[in-house]
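**Student:** Dock chain V against the given chain D, drawing on the hints supplied.
Chains D and V supply the protein sequences, listed in that same order. No gaps in the numbering here: position 175 of the first sequence is 175 in full-length UniProt numbering, and each next residue is one more. No gaps in the numbering here: position 251 of the second sequence is 251 in full-length UniProt numbering, and each next residue is one more.
These aren't lab readings, by the way, just hints derived from the structure by calculation. Predicted, not measured: the structure shown is a model, and the values here were computed from it. Quick reminder that beta carbons are idealized off the backbone N, C-alpha and C, glycines included. One thing to keep in mind: the hints can contain errors.
Said to hold, decoys possible - Anything over 10 Å on all C-beta distances counts as not near chain V; from chain D, calculated:
id, residue
1, Met1
2, Ala8
3, Met137
4, Asn158
5, Gly212
6, Gly251
7, Ala268
Stated by the list, open to error - No farther apart than 35 Å at their CA atoms in a straight line, the calculated lysine-lysine pairs in the DSBU-like style are these:
id, chain 1, residue 1, chain 2, residue 2
8, V, Lys62, D, Lys183
9, V, Lys62, V, Lys183
10, V, Lys62, D, Lys250
11, D, Lys250, D, Lys183
12, V, Lys62, D, Lys62
13, D, Lys250, D, Lys207
14, V, Lys62, D, Lys3
15, D, Lys62, V, Lys183
16, D, Lys183, D, Lys207
17, D, Lys62, D, Lys3
18, V, Lys207, D, Lys250
19, D, Lys62, V, Lys207
20, V, Lys3, D, Lys250
21, V, Lys183, V, Lys207
22, V, Lys250, V, Lys183
23, V, Lys3, V, Lys250
24, D, Lys3, V, Lys250
25, V, Lys250, V, Lys207
Number of protein chains: 2
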Amino acid sequence: MQKTSENACFGGIQGVYTHPSDACGCDMTFGLFLPQEAQDGPVPLLWYLSGLTCTHENAMTKAGAQAWAAEQGLALVFPDTSPRGDGVADDEDYDLGQGAGFYVDATQDPWAPNYRMWSYITEELPALLGATFALDMDRQSITGHSMGGHGALTMAMNLPGRFRSVSAFSPICNPTGADWGRKQLTAYLGADETAWERHDASLMMRKAGFDGPMLIDIGSNDQFIDLLRPETLAAAIADRRQPASFRLQKGYDHSYFFVSTFMEDHVAFHADALWA
Amino acid sequence: MQKTSENACFGGIQGVYTHPSDACGCDMTFGLFLPQEAQDGPVPLLWYLSGLTCTHENAMTKAGAQAWAAEQGLALVFPDTSPRGDGVADDEDYDLGQGAGFYVDATQDPWAPNYRMWSYITEELPALLGATFALDMDRQSITGHSMGGHGALTMAMNLPGRFRSVSAFSPICNPTGADWGRKQLTAYLGADETAWERHDASLMMRKAGFDGPMLIDIGSNDQFIDLLRPETLAAAIADRRQPASFRLQKGYDHSYFFVSTFMEDHVAFHADALWA
Numbered sequence: 001m002q003k004t005s006e007n008a009c010f011g012g013i014q015g016v017y018t019h020p021s022d023a024c025g026c027d028m029t030f031g032l033f034l035p036q037e038a039q040d041g042p043v044p045l046l047w048y049l050s051g052l053t054c055t056h057e058n059a060m061t062k063a064g065a066q067a068w069a070a071e072q073g074l075a076l077v078f079p080d081t082s083p084r085g086d087g088v089a090d091d092e093d094y095d096l097g098q099g100a101g102f103y104v105d106a107t108q109d110p111w112a113p114n115y116r117m118w119s120y121i122t123e124e125l126p127a128l129l130g131a132t133f134a135l136d137m138d139r140q141s142i143t144g145h146s147m148g149g150h151g152a153l154t155m156a157m158n159l160p161g162r163f164r165s166v167s168a169f170s171p172i173c174n175p176t177g178a179d180w181g182r183k184q185l186t187a188y189l190g191a192d193e194t195a196w197e198r199h200d201a202s203l204m205m206r207k208a209g210f211d212g213p214m215l216i217d218i219g220s221n222d223q224f225i226d227l228l229r230p231e232t233l234a235a236a237i238a239d240r241r242q243p244a245s246f247r248l249q250k251g252y253d254h255s256y257f258f259v260s261t262f263m264e265d266h267v268a269f270h271a272d273a274l275w276a
Numbered sequence: 001m002q003k004t005s006e007n008a009c010f011g012g013i014q015g016v017y018t019h020p021s022d023a024c025g026c027d028m029t030f031g032l033f034l035p036q037e038a039q040d041g042p043v044p045l046l047w048y049l050s051g052l053t054c055t056h057e058n059a060m061t062k063a064g065a066q067a068w069a070a071e072q073g074l075a076l077v078f079p080d081t082s083p084r085g086d087g088v089a090d091d092e093d094y095d096l097g098q099g100a101g102f103y104v105d106a107t108q109d110p111w112a113p114n115y116r117m118w119s120y121i122t123e124e125l126p127a128l129l130g131a132t133f134a135l136d137m138d139r140q141s142i143t144g145h146s147m148g149g150h151g152a153l154t155m156a157m158n159l160p161g162r163f164r165s166v167s168a169f170s171p172i173c174n175p176t177g178a179d180w181g182r183k184q185l186t187a188y189l190g191a192d193e194t195a196w197e198r199h200d201a202s203l204m205m206r207k208a209g210f211d212g213p214m215l216i217d218i219g220s221n222d223q224f225i226d227l228l229r230p231e232t233l234a235a236a237i238a239d240r241r242q243p244a245s246f247r248l249q250k251g252y253d254h255s256y257f258f259v260s261t262f263m264e265d266h267v268a269f270h271a272d273a274l275w276a
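Here chain D stands alone, though its shape is the one from the complex (with noise of 0.2 Å):
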C-alpha cells in the first residue's frame, strides 16, 4: 500500500492511500480520516460511499466530515466509486463504468473482470484497513450520497451484523424501477432481475429490513428526487414498521451544500450507536 498524501486535520489525520485491489484487478484509492484518539488505540470507523462521478476525494474535501467525526472520535473512509484505468471498461455515459461501479460485483461483459465494488467493500478494504490502520472493525456504521446512499443502504441490510447503523444523503431508494438503476443492474448484472433484488434498497426493506437505527435525509427541492424513488423506501419503512427516520430537508437540493449541511446529525446519530 503507498501513501499519497497526509494532512493534518481537525487534530488528526486525514491520509490518502492506494493499494493493488485483487478484487477490481486494479490500484484502488480510498482517504481515511483517523482523529487524534487513534494514536492511542482503535476507534470505531464509519463508512462514507460517494456518488456517480465522484472519486475518494469529494466528500473528504467538502462534506466537512472531519470536524464532527474528530469531535465523536470516530475515523472515516471514503473508498472509490468504482474500479479505475486504462485497462478497465467504461463508457461515454457519467452514469456506467469508471465513476459508477453502483457497488455490485458484476456478472457481464465487459464489466465482469473489474467491476466488484461490492467485494471490494465489504470484504476486501475492511481486511486491509483492519490489518492496518488503529481500526476497531467490531464497531462499524455506514451512511452514503446518493448512488452511495443506494450502498450504504443495502450493504447494511444484506449484512446482519455488520454495521451498528445506517443512514445516507439523498439515496438512489428504488433502482430496479429507476433510469438510475435499471440501465447499470442491466448492464452489470444481466436481464434476470432476480439478482437486482439485493441491490434494491426498498426491496430489501421489504424482505430483511435492518436490525439497528436508520436515518435518511432527502431535499425536497432535490433535482434528481424522479430518480431516487424516496416515495417506495418510505412506503416499505412504513409497512415493515423499521425504526428509521425519514425525513425531506424542505428547500435543499442534491448538492454538497446539502449534505455538508447535515453531516452534524448523520456523524452525531452513528457515534451514538458506534459508542453504545
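**Tutor:** What follows is chain V alone, placed relative to chain D:
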C-alpha cells in the same frame, strides 16, 4: 448581475453571481453565503480572500465556513482572485496573472488595464453587495488564506475603520522580501519599491498597525513557510504592541485541511467583533 446558482445551505443560501466589473474590465464571479437571518434584515459581512490559483469556488466548497457563519448569523463573500477571460493578460506561471492578482491595482503593462483587484475588492464589489443584498455594510470583517491572507491584512491596515476585525490563514506576510511577492510586485507595480510598501503586511504593521483585533494561524509544517515569512510579521506585531493572536499550529500544513480545522475559531473571532 447574473445568478449562476443558488443552493440551500445550513438554513441559508449559498449563491454564485457574475457581473460586469468596471474595475477589472471583465466579468467577475463571486460566491455569497447569506444566513437565514438575512431574510429578516441586513446581516454583518465577513470577507474571505483566496490564495494563488483559486477562484471564488475553492473556499466556498472546501473551507466549511458556512456551518459557522450560519451559527453566528454572518454573511460570507468569496471573491475571485484576479480578472479572467480571453482578453485578459496572463502568464504561464501559476503565481502571476490569472489566479494571482495579489490584491493590488497594477500600473504596469500588460497588467494595468484589468489587474485592479484592490479597487475591485475595496470599492466596486462592496458597493454592489451593499446595494443588492441584505448586508449591514457598517459591520464588515475580513480574512483570507495565503495570498488572500496578504490581501486581508493589507486592506485592513490600509483602510482604518472599514473592518472591525482581521484574520488570516497562512498569509504571505512579507511579499517585498520573498519570492511570493517581489516578482509579482515588480510585474504589477514596477521596480520602484516605494509603491510596494502598502502591500506588505509586515511593513504596514510597523507603519500603521490595525485598530481592532487580529488573529493569524500558520501551520508549523507549512510547506511554503519560507515564502510566507511569518517571522517578519511576528516581530512587527511584537515591536508595535499590536493586539493580536499569532499562532503556529503544530503539525498543520498549507492545505484546506488546515484552513477548515481552524475556521470555527476564525468565524467566532470575527463574530465577537461584528456583534459587539
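**Student:** Would the hint linking lysine 62/V and lysine 183/D be met if the CA-CA limit is 35 Å?
**Tutor:** Cα-Cα ~33 Å, so holds.
**Student:** Below or equal to 35 Å on CA atoms is what counts here, so check lysine 62/V against lysine 183/V.
**Tutor:** 29 Å, holds
**Student:** For a C-alpha distance cap of 35 Å, please report whether lysine 250/D and lysine 183/D respect it.
**Tutor:** 30 Å, holds
**Student:** Checking the smallest CB distance to chain V, is alanine 268/D really beyond 10 Å?
**Tutor:** Answer for alanine 268/D: holds, closest chain V Cβ roughly 14 Å.
**Student:** Is the nearest Cβ of chain V still more than 10 Å from the Cβ of asparagine 158/D?
**Tutor:** 33 Å, holds
**Student:** Would the pair lysine 3/V and lysine 250/D pass a check requiring their Cα atoms to be no farther apart than 35 Å?
**Tutor:** Holds - the C-alpha atoms of lysine 250/D and lysine 3/V are around 21 Å apart, at most 35 Å.
**Student:** Would you check the hint for lysine 183/V and lysine 207/V, treating anything up to 35 Å between C-alpha atoms as holding?
**Tutor:** 23 Å, holds
**Student:** What's the verdict on lysine 62/D and lysine 207/V, does the C-alpha distance respect the 35 Å limit or exceed it?
**Tutor:** Outside the cut-off at roughly 40 Å; violated.
**Student:** CA of lysine 250/D to CA of lysine 207/D, is that 35 Å or under?
**Tutor:** Holds, at about 30 Å.
**Student:** Given the hint that lysine 62/D pairs with lysine 183/V, test it: the Cα-Cα distance must not exceed 35 Å.
**Tutor:** Holds, at roughly 33 Å.
**Student:** Please verify that the nearest CB of chain V lies beyond 10 Å from alanine 8/D's CB.
**Tutor:** Contrary to the label, alanine 8/D does not stay out of reach of chain V, its closest Cβ about 4 Å off (not over 10 Å).
**Student:** Please verify that the nearest CB of chain V lies beyond 10 Å from glycine 251/D's CB.
**Tutor:** Since the minimum Cβ distance to chain V is about 4 Å, glycine 251/D lies within 10 Å and the statement is violated.
Comparing the model with each numbered hint stated earlier shows that hints 2, 6, 18, 19 and 23 do not hold.
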